[in-house]
Amino acid sequence: MNMANVISPTTVDALIKFGIDVAIILLKIVIVLAVGLLHVAYATYFERKVIGHMQVRLGPMRVGPHGLLQPFADGIKLFFKEDIIPAQADKVVFYIAPIIFMAAAMVNLSVIPFDANFVIADINVGLLFIFAMAGVGVYGIFISGWASNSKYAFMGGLRSSAQVISYEIAMGLSLVGVMMMAGSLNLSDIIRAQGESIFGMYAIPQFIGFIVFVIAAVAETNRTPFDLPEAESELVAGYFTEYSSFRFALFFLGEYIAMILMASLCTICFLGGWTLPWYVLKIFPFLSYVPGVVWFVLKVYAFFFFYYWIRATVPRYRYDQFMAIGWKILIPVAIGNILLTGLVKIILKEVL
Amino acid sequence: MAVTEVVAGLYPAGIEQEKIAEMIKEKFPEQVIDVTNFRDQVAVIIKKNQSFSILKYLHDEPTLSFDHLRDLTAVDWSNKKEVRFEVVYNLLSTKYRHILRIKVQVPENDVKIASVVPIWAGANWHERECFDMFGIQFTGHPDLRRILMPEDWEGYPLRKDYPLKGYEGDKDWPGFIQVIKRSQELKEFEWHD
Amino acid sequence: MIKMQEPEKIFETRELNVNMGPQHPATHGVLRVVLDLDGETIVRLTPYVGYLHRGIEKLGESLSYFQALPLTDRMDYVSAMSNNIGYCVAVEKLYGIEPPPRAKFIRTIVGELSRISNHLLWLATHALDIGAMTVFLYCFREREWILELFEMICGARLTVTYPRVGGVRNDISKEFIDHLVKFLAEFPSRILEYETLIDQNRIWLQRTVGIGVISAEEAINWGMTGPTLRGSGIPYDIRKFMPYDAYDQVEFEIPIGTAGDTYDRYRCRMLEMRQSVKIIIQCLEKLPAGPVMADAPKFVLPPKDKMLIITHPVNEIAYFIDEKACKGCGMCLRACPAKAITGEKKKPHKIDQALCLQCATCFVTCKFKALKIVPGGKGQTEEKLVELAAQPVSDELKQAQEALVAHFDFIKKGPKVPEGEVYVATEVPKGELGFYFVSDGTHKPYRMRVRSPSFIHAGCLERLCKGHLVADVIANIGTIDIVLGECDR
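These protein sequence lines are chains F, R and D, in that order.
Per the working numbering: the first sequence ends with 1612, consecutive numbering throughout.
Per the working numbering: the second sequence ends with 194, consecutive numbering throughout.
Per the working numbering: the third sequence ends with 1329, consecutive numbering throughout.
Among the hints, erroneous ones may be present.
[What the hints assert, rightly or not] Below, in silico cross-link-like pairs of lysine-lysine (DSSO-like), each with a Cα-Cα straight-line distance of 27 Å or less:
1) R:Lys96 / D:Lys1080
2) D:Lys1238 / D:Lys1207
3) D:Lys1138 / D:Lys1284
4) R:Lys166 / D:Lys898
5) D:Lys1256 / D:Lys1238
6) D:Lys1284 / R:Lys166
7) R:Lys82 / D:Lys898
8) D:Lys1179 / D:Lys1209
9) D:Lys1252 / R:Lys161
10) F:Lys1337 / R:Lys188
11) F:Lys1351 / F:Lys1337
12) R:Lys48 / R:Lys113
13) D:Lys1252 / R:Lys81
14) F:Lys1411 / D:Lys1306
[To be verified] Chain F regions said to be covered by chain D (calculated; three or more residues, Cβ under 8 Å):
15) 1310-1322
16) 1566-1576
Quick caveat, the hints were computed from the structure, so don't treat them as lab data.
Even for Gly, the Cβ is constructed at its ideal location relative to N, Cα and C.
Taking the hints into account, I'd like the entire structure generated from these sequences.
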């Protein structure tokens, strides 16, 4: 049989090209997932180490040199634990809740540009996509709290959904300034726009938005001091009180991927992604030979360290105080920031 | 935010305990049975009928002002005294720094006494414990339940006729029997080689 | 026709009933709290205690005054020293004896150390409950240090039983004082470290200021004591009101709060730790020399070197049954732990000298004075023993024999206590720990009552929490500083 008789050569070319594209995307997905999951594993390790040293103790030391294999030990342990499901739980929902949560967090990795030419899906609405998916993740938390049929889990789920929804508004509004300056929702374009701007990174002109974003990001990922959904001393473990074994691990993974995501988003929107500000390059020209992904990862790590630092320092907010901060301070400030950005933009346009 | 002050030094001592006993005697001449003194601690033994008004007097009288109920308990005299139970109130005035002990006799055939929760709110749990341990009924108590022992416990452990090891034999507490039964049921799930 | 249901009947609202504890990370042991919630607001709160009830009061009635002492450090295991001291002070009052000055000062030192360690644990858990995790570990660092100091003086860290009725078990060493001085020099800077983390922390302030407010009148009416009461502004401290041990010989101040909220109670405890350091330093400066146990042979066990038969070394003594006096009652036969005594009923018994342990049990048991102590009789033949026993008893030996009998009685039954009753309270870190003893003139207390501060404070929980949010319950459980071992006794 001759292919050429059935399908025209151009179609074959197009098909081959498509095949290569798919292969590349699959390869990228594999790389991102592998590197991402490894990062999650070691993010837990570094969290324990960093906080340990801040609290005059050593952190994990037993498994491997300096406890380096601890994340794997934890993973294996969680994998082989008995999967306990409460007798009164809504089983189907109980099963799918952690999957929704984890999947919603992981999908977001597809639009993150790690380097100038390394992004799985370079879509125009990248930022909106991330918000949308973060919104889906709340369902995972909420229905896990509901399905567990436990009061602590229920309260944790309720708290979490209220928290994520209110802080998503503040976070979205804080990023509007960035969108206005970059003129795009495509994450790669935002980074490029930053690289070309006078400040090199939007954290300087958009410092109000930056601060609001950082606070909202901590709240969005349920970290101290906003870890109310899983407040250990009040709700035992919050929405995943009844989860065990690998279902618990899925929540855990999802949470850390969400952290990576928030750190990446902060890096992309405020710290210049893979680029370095031009003035830094002017002083140290040799730095331009370093691949961009290194700067990206370093910035993400810096933000991670900031997460840990906060966790080791501050107590936990109460629920009502926490909501008050979101609605009464962050959202008005973020709206003010939008007005200010627009005003400055108009004035600059008039002047120049 | 409040500033915390620091207080130093001793406070003036209040009225002598014997004098307070005299004051009670004057005010309630019929009620006082006896006044004892051991190691500088004066105890006034009174009848139970007006115990509430005497204690209220001690709390409200401005020169006495016994605002702190240090302790409330009972003693089971079993066969040693005519009246079986004595409810003991240890009082102190944080204002004047004097102390006094009031003992109220409660006979076995009428194990009831007026609750002092309206005077000292802190007496609430003391009286519940007293009821739990001695079976003394405090009339007017807002919520008289067992407190330390399980709700369905039988007997009053601190009475002298209650054996130290509890009642022997099949009179075990139902909750305990239940636990034993349950543990036997679950034995098949235990991991043993 | 379809009849519509009334909307009220379709939408029924109920309060959420949450059972917190007895297994819960923030209830400090086995406290069970049943909450009725309207959203996150507390409508009703009912504490349940008793999960750790061990009947210490009932046990105390069946033990001698010495034997009940170790029970007290199982009550508040966080500040076991203070509880021991409280018990000892109360029993001493009942006996009518006073410990020697050195013992008083040592007790004050260990009592204040115990106060610091208790407040450290309180701060650690309170901060952890509110979410400040680092404070927890910082506090444990210093608490560990104090526990090591305790280990140095008595070998135990938690349940110490170091103070004794009439003094303390043993004298403190030079090494201990050196370590203590080091600790005292370092500790105030460590307090600053905790305060750096939380004292002016915005979140900490928001979580504690105005939470669990109770006015001075109400606080004393509820029977609150200790820092929990002083946070409301009443300077009621038993160390000042009715000084015991060496508290009347040292200078210190009582920190009091004004607002009566969780933050003021926290401040009071922080300042109290500093005052404790001050007290210990003064005690070390004034520490007098001398014995550490009271010289009251009727109530307190004399030191070993003051006991019997030091003039007659034990391994040279033999016990011998006088055949004429022995009525063959079999008392000594049954009492002998080595089974060295043989003989039939109504016939004189005999001691097998090879088996005899020289424990003097038979000597004390015998009611007919048939048993004789024979100095230098060890290893002698039967005839020689008869000969030696026939010799007149020296005054020295007579005295020693009497002492032996008294000592034996003392150990076996405990001291005989005059008839009477006392209520003695001491200021333990948690508040007023009172012991009420009723003695009927025998060796055991007729009634032993423990007034534990935790019990009363747990009773106030409902009053403190009403109208607050769930998160405040945790703050309030922390602020009243309860240990359930003491609460349930």
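Verification of the hints:
Only pairs whose Cα atoms come within 27 Å are accepted, and R:Lys96 paired with D:Lys1080 is accepted, the gap being roughly 13 Å. Between the alpha carbons of D:Lys1238 and D:Lys1207 the distance comes to roughly 16 Å, so the proposed pair stays at or under 27 Å and holds. At roughly 15 Å between alpha-carbon atoms, D:Lys1138 and D:Lys1284 fall within 27 Å of each other, so this suggested pair holds. Pair hint R:Lys166 plus D:Lys898 holds up; C-alpha atoms about 10 Å apart against a cutoff of 27 Å.
As the CA atoms of D:Lys1256 and D:Lys1238 are separated by approximately 23 Å, the hinted pair is consistent with the 27 Å bound. Distance check on the hinted pair: D:Lys1284 and R:Lys166 sit about 17 Å apart at the alpha-carbon level, within 27 Å; holds. Taking the CA atoms of R:Lys82 and D:Lys898, the gap is about 20 Å. The hint holds against a cut of 27 Å. A hinted pair counts as satisfied when its Cα atoms are at most 27 Å apart, and D:Lys1179 with D:Lys1209 qualifies at roughly 20 Å.
Restraint check: the Cα-Cα separation between D:Lys1252 and R:Lys161 comes to about 23 Å, which is no more than 27 Å; the hinted pair holds. For a cut-off of 27 Å, the pair hint linking F:Lys1337 to R:Lys188 stands: about 26 Å separates their Cα positions. Note on F:Lys1351 and F:Lys1337: the hinted pairing holds, with a Cα-Cα distance of about 23 Å set against a maximum of 27 Å. Restraint check: the Cα-Cα separation between R:Lys48 and R:Lys113 comes to about 12 Å, which is no more than 27 Å; the hinted pair holds.
This hinted pair checks out: D:Lys1252 and R:Lys81 have alpha carbons roughly 25 Å apart, not beyond 27 Å. Using a Cα cut-off of 27 Å, the hinted pair F:Lys1411 and D:Lys1306 holds, with the two alpha carbons roughly 20 Å apart. Only residues whose C-beta sits within less than 8 Å of a C-beta in chain D count toward coverage, and the stretch 1310-1322 of chain F has 5 of them, enough to reach three; the restraint holds. For a cut-off of 8 Å, the count of residues in the stretch 1566-1576 of chain F with a CB near a CB of chain D stands at 6, and the three-residue condition holds.
In terms of the numbered hints stated before, the structure departs from none.
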